[in-house]
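Asks: Chain B: place on chain A using the hints.
Residues per chain are reported as follows:
There are 2 protein chains.
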Amino acid sequence: MPLQIENETHANMANAIRALSMDAVQKANSGHPGMPMGMADVATVLFSKFLNFDPAWPTWPNRDRFVLSAGHGSMLIYSLLHLTGYERPTMQDLENFRQLHSPTAGHPEFGECPGVETTTGPLGQGLATSVGMAIAERLSNAEYGNNIVDHYTYVISGDGCLMEGVSQEAISLAGHLKLSKLIVLWDDNSISIDGSTDLSTSEDQAARFEAAGWHVQSVDGHDPEAIEVALGLARESDQPSMIACKTTIGFGAPNKQGTSGVHGAPLGDDEIAATREAIGWAHAPFVIPDDVMADWRAVGAAGAKKSAKWKSKFDSLDAAVKADFNRRQNKDLPAGFTAAINDYKAKLAANPVKVATRKASQMALEVINGVVPETIGGSADLTGSNLTKTSQTEGVSATNFTGRYMYYGIREFGMAAAMNGIALYSNHIPYGGTFLVFTDYARPAIRLAALMKQRAIYVMTHDSIGLGEDGPTHQPVEHVASLRAMPNLNVFRPCDVVETAECWALALEAKETPSVISLTRQNVPQLRVEYTEENLCAKGGYILQEATGGTPKVVLIGTGSEVELAVIARTALEADGIPTRVVSMPCTDLFDAQDAAYKAAVLPATAVKASIEAGTTYGWERYTGLDGVNIGMTTFGASAPAEELYEYFGITSDALLAAVREKL
Amino acid sequence: MPLQIENETHANMANAIRALSMDAVQKANSGHPGMPMGMADVATVLFSKFLNFDPAWPTWPNRDRFVLSAGHGSMLIYSLLHLTGYERPTMQDLENFRQLHSPTAGHPEFGECPGVETTTGPLGQGLATSVGMAIAERLSNAEYGNNIVDHYTYVISGDGCLMEGVSQEAISLAGHLKLSKLIVLWDDNSISIDGSTDLSTSEDQAARFEAAGWHVQSVDGHDPEAIEVALGLARESDQPSMIACKTTIGFGAPNKQGTSGVHGAPLGDDEIAATREAIGWAHAPFVIPDDVMADWRAVGAAGAKKSAKWKSKFDSLDAAVKADFNRRQNKDLPAGFTAAINDYKAKLAANPVKVATRKASQMALEVINGVVPETIGGSADLTGSNLTKTSQTEGVSATNFTGRYMYYGIREFGMAAAMNGIALYSNHIPYGGTFLVFTDYARPAIRLAALMKQRAIYVMTHDSIGLGEDGPTHQPVEHVASLRAMPNLNVFRPCDVVETAECWALALEAKETPSVISLTRQNVPQLRVEYTEENLCAKGGYILQEATGGTPKVVLIGTGSEVELAVIARTALEADGIPTRVVSMPCTDLFDAQDAAYKAAVLPATAVKASIEAGTTYGWERYTGLDGVNIGMTTFGASAPAEELYEYFGITSDALLAAVREKL
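The listed protein sequences derive, respectively, from chains A and B.
Under the UniProt record's numbering, the first residue of the first sequence carries the number 1, and numbering increases by one thereafter.
Under the UniProt record's numbering, the first residue of the second sequence carries the number 1, and numbering increases by one thereafter.
For reference, chain A alone in the conformation it holds in the complex:
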């Protein structure tokens, strides 16, 4: 194609994005037009010249991943998806930008719109999630070979993404692992919501990425040829690559471009008219001329051949490999999984052990990792404390992606975000550990896992004052409650080695729900000594020890390490002739999901109900009512040996007994 025509074609294609973006934001009367207009040239080059994707098969496993980390510029991706021919968003969907039930949510939402690879909007996380995708790509490449998995992950990142701390964790990890197929396009527009980025940053981003081991280039983000050259070089690099794309935010809007006024508000009718004039776009809102649409649709259509070629390669694989690949994509567990867990439970019943539940977790993982080849473990530099490594899991490194264990470094948030990327990739099940108290660091990514319905499993040890001497900074108090409050997150706090195995099974079986497994540092006795094929934890709470006669006057509800205290208190109450039941409640989320009859049967209205948990009492009234007892923490912890802390904070069977007796 002669250069002039090519340039004109490019301009029209890019202007189509600009027009759709400004018009959709205007119609919705909210949104961010500046970013899509500024990055339209870059995105057009990326999608038309480099990105391998098939709009007819959005989940084609070997597609390039595209992540719009600057998610507020959502009209950029919606425009691209529509123009290249995805089934959704339709033009109607674009007109319904930011409206109820439209796949064109204010920020791109995974699962709402095909082609959106991950939910973005909370800044920095798209970039950090893409690191997980790039890791998953390398892991899958090592396992399935170049014919089946070998592709790029492209990210568009804004200034905000790069100011968020998680971006540093992400680029540092990516550089360390030499994720050369990860390419970040930075929308270097020098504008944030408050105004010029000069207000708050003076960083040399190029030098920063180089310091983290990245290949760095800088281009005029409105020069399609320069962008193309840079992307070509980035793909050749043996390092992850960052291209600083110098752009004008709101490019094309003659009076507002280059200002924060175009960042997060509609342009207004006058400026939109002026923009149409300035960029030579005479078409009505939501109208794309046939030639421009044809050019864009051709880009999308080109993907069909590529995906078909891949499909034929995939079809020629060994049947067992194919079946396993598909099983993993479907998030099914291997056939032998339940049998292996039950086998293990039977062994425990035969030979009870007293271990910390973090150790119990490692024991369960030893079984799980033996039968579930797709688990990818890891820890944020607390491997020996979280006990997340098993005999099957060798470390992953830049030179070895056959491993199954990630040394995430002291990067809890980056770890959780990478786990999201790995989970979204669907070939692996990520689990990662740190201390429970540091869920606070990882919380924004845990929330995205819950929102995106991703099976990420957080192995959170040292789950109460029971961790002892490290003191209040390391002792969770409010964490279990604050995680229970999050929608679509299962928080498990198993009481012994058997419950730990059951909770692990539930976490793995929950295809659309992430799980926190809250585990003790200190030893706890095995309370489940009778083998049951049924996973008793599946209902969230159940009768662990029944009251004499079966009609309890008192129900003691415990979780984790405090179930033992409830059991001790029960013995004392029963000795006094008070029929007392112990309910173990490893997962309130699952218990809440049971029907009213089950809940009433387990926690009868007539009984005095008492909860005991070495965390805040906040939230326990749901199970005990207002006339019950709630033993727990109301302040932060302290630094001392664990046993002394339990005494000091009054989380003892004696305290439970005394409080219950007062109610009788």
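Be aware that one or more of the hints could be misleading.
It does not matter which identical chain is meant; a pair holds if it fits inside one copy or across any two.
Unchecked claim - Within a straight-line C-alpha distance of at most 27 Å, the following computed DSS-like cross-link-like pairs (lysine-lysine) qualify: (1) Lys331 x Lys306; (2) Lys178 x Lys539; (3) Lys663 x Lys599; (4) Lys178 x Lys246; (5) Lys311 x Lys354; (6) Lys599 x Lys322; (7) Lys599 x Lys539; (8) Lys359 x Lys27; (9) Lys305 x Lys49.
FYI, nobody ran anything at the bench for these hints, they're computed from the structure.
Replies: Just chain B now, kept in the frame of chain A:
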């Protein structure tokens, strides 16, 4: 002093730290000996040659600040504080390392031990907090002049601190503001808990800091002369300064030094004996020979002269300036504060307005900033949305520290950590804004504020699905509940412009409790139309509208924007002849702190109690009991205009009415 003697003196002083550290960890049978042993030389040079401090006056306002960001190495600071002559920790305290009621907690806890400037342990935060201290120093310098405030802030940081993302937010902000009196000593020991840092990082830290605008040097961390030279140069730099101190972790332990084995576990008796031999330390545990102790005490004693000199300068200040300085250090508000608030409330009563509570917050701040000169506002790049800026607050920049407004950039965690540093400094009251949903990003620092009892005020706007189109990533659901679960944090959710003013007053008056003020994007009517001198929000929940006859059959409890819905529902119920009370509950934390009689009077046991809040229902059973009604969210939100979302999620007065009627 001849060089040889000086070197010997230094070695003995440093070895005193090593011995105390390894012996205390051994006695506690837990802790981290490796870091104090590795950084003993650096710390000895810093404390003996540079640090301005007075053990007899730990809060001397113009002292240099020393922050042990790598807080797990707490025996380093405890050793230094004891050796230089602070009243605590005593030698007995060192022997009681990590024991209940000892000031020598596992990690340094602010308020437990004089000389500990901030609680550290959660990695990265010491560094990020120190940026706030360095900002406060410059603000105070600009206000009081070089004679009164002009000092350095020194930080010892480990590999873990630099891997945490918040470190990037911190160094980027510090570089931008050219905080030249901030000096970070990086313990570059190449070891983390999991093993060599090669497992998880390959970053060029020097280049990274340079990219953020820092002055960088690299020294042998066991060469006292080199350390001294580097510190001297760092102090001269007009940029913040980072000194990479190449050290051997556990320096002196012949068989374990330089390995992760010495990071977080006692050395063991044999290795301790071998260390004594290797470093030539023949003294028993917890015994410091007189000459070494004398050398250290001389270091501490030198501070008295400096602080006295400062005191005389301070005494020569204008009486009003002195009084104001002391008032601020005592965290007292100006005399005119309450009158100004009441005046404002009276005006609102006279001329009711319907505004978003975020706007109400700005209106309150306009009053507050007019009478409280020590407020320092800011936002994480959402100034126009959070409405945190008022007419009195000019922006702070590298060339202007007379401002009162921080452009924190898109760094929520860094902002909250810096606010902790500003609050700890005690000359200013920091408030900072972002969207409520992004409290998740800032949460680890909010927790430290609560633990350290610091008056930081978080202005958290867009506090529910009421923010509308931005969608579920930006809509808080679990946040208010999860923050209420945190000890010593007041979460305010005012219902109108008057309550917003009252909640602001309470936040400012709470000397030892940080506050979250949760604010709407959308307009709400003024429900408090009668002037009261009393701050009705002070009790957390109160009767906003009484039931006809005074004995309610129904009590409707609302917070924030949903109080309006409760008021509408009350009208309907009263019309049906059902005596209905509306309780506004702007702060459950304060309500929980009331006596049982007050609580029972506001929420009588006999009434049907219903809560309505556009957040999770989790936790509301505490106020409604199990037989009440809880209207709220049980899932994530969606992207659509706010009014449609309220309908869609059933958070309406009709839904409330229907549910209540079912209970009657």
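Asks: Are the hints correct? Go through all of them and say.
Replies: We went through each hint and held it up to the structure:
no.	hint	in the structure
1	Lys331 x Lys306	within (25 Å within a copy, 67 Å between copies)
2	Lys178 x Lys539	neither (44 Å within a copy, 57 Å between copies)
3	Lys663 x Lys599	both (22 Å within a copy, 20 Å between copies)
4	Lys178 x Lys246	both (25 Å within a copy, 25 Å between copies)
5	Lys311 x Lys354	neither (51 Å within a copy, 61 Å between copies)
6	Lys599 x Lys322	neither (43 Å within a copy, 64 Å between copies)
7	Lys599 x Lys539	within (10 Å within a copy, 35 Å between copies)
8	Lys359 x Lys27	between (56 Å within a copy, 26 Å between copies)
9	Lys305 x Lys49	within (15 Å within a copy, 71 Å between copies)
This entry does not satisfy hints 2, 5 and 6, going by the numbered hints stated previously.
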